[in-house]
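Residue 19 in numbering that gives the first Met the number 0 sits at position 20 of the sequence shown, with consecutive numbering throughout.
Source of the hints: derived by calculation from the structure; they are not laboratory data.
A virtual CB, placed ideally from N, CA and C, is assigned to each residue, including glycine.
Hints should not be assumed to be uniformly reliable.
[Stated by the list, open to error] Cβ-Cβ distance ranges computed for the label pairs, FRET-style:
{"#": "1", "residue 1": "Leu-47", "residue 2": "Thr-16", "range": "18 to 24 Å"}
{"#": "2", "residue 1": "Ala-67", "residue 2": "Arg-15", "range": "32 to 38 Å"}
{"#": "3", "residue 1": "Val-78", "residue 2": "Ala-40", "range": "26 to 32 Å"}
{"#": "4", "residue 1": "Asn-98", "residue 2": "Ala-67", "range": "28 to 34 Å"}
{"#": "5", "residue 1": "Ser-84", "residue 2": "Asp-25", "range": "25 to 31 Å"}
{"#": "6", "residue 1": "Thr-34", "residue 2": "Asp-68", "range": "24 to 30 Å"}
{"#": "7", "residue 1": "Glu-60", "residue 2": "Asn-98", "range": "21 to 27 Å"}
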Amino acid sequence: MVTEPNTTVLEASTERTPLCYRQSADESLTEAIVTAVCDRADADTTELSPLYATIDPDALESLLGSRADGSPRNSYRSVAFEYESYHVQVESGGLITVN
Numbered sequence: 000m001v002t003e004p005n006t007t008v009l010e011a012s013t014e015r016t017p018l019c020y021r022q023s024a025d026e027s028l029t030e031a032i033v034t035a036v037c038d039r040a041d042a043d044t045t046e047l048s049p050l051y052a053t054i055d056p057d058a059l060e061s062l063l064g065s066r067a068d069g070s071p072r073n074s075y076r077s078v079a080f081e082y083e084s085y086h087v088q089v090e091s092g093g094l095i096t097v098n
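Whenever a hint applies, use it, and build me the whole structure from the sequences.
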């Protein structure tokens with residue numbers, strides 16, 4: 000490849016653009032994670048393996064979900080894991096990033 004002096008050559012990136020998803024008030028954290036991954040993969044929920052085969056949904060709810068009385072947790076927490084070949088990061092407050 001021949002380039003002119005002071006010319007930058009940009010290579011095509013193979014990285015995926017992250018998808019950010021915010022859990023809605025009427026869905027569980029597990030539902031939100033599956034929906035976010037489906038959106039990123041452009042797939043239907045029936046095409047994914049069960050989330051519980053990758054991570055314990057009850058443990059996620061306990062760590063990151065609202066308290067039993069429905070109030071939000073006071074501290075920031077984050078859990079990251081691989082699901083369906085995607086890197087999923089879930090933060091307290093319901094922000095889910097899928098990459």
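Here's how the hints hold up against the structure:
1. Leu-47 x Thr-16: 18 to 24 Å: Since the Cβ atoms of Leu-47 and Thr-16 sit about 20 Å apart, the hinted range of 18 to 24 Å holds.
2. Ala-67 x Arg-15: 32 to 38 Å: Once the Cβ atoms are compared, 36 Å apart, the range 32 to 38 Å for Arg-15 and Ala-67 holds.
3. Val-78 x Ala-40: 26 to 32 Å: This hint is violated: roughly 20 Å between Cβ atoms.
4. Asn-98 x Ala-67: 28 to 34 Å: holds (32 Å)
5. Ser-84 x Asp-25: 25 to 31 Å: Distance hint for Ser-84, Asp-25 holds at roughly 29 Å.
6. Thr-34 x Asp-68: 24 to 30 Å: Because 25 Å falls inside the window, the suggested range holds.
7. Glu-60 x Asn-98: 21 to 27 Å: holds (22 Å)
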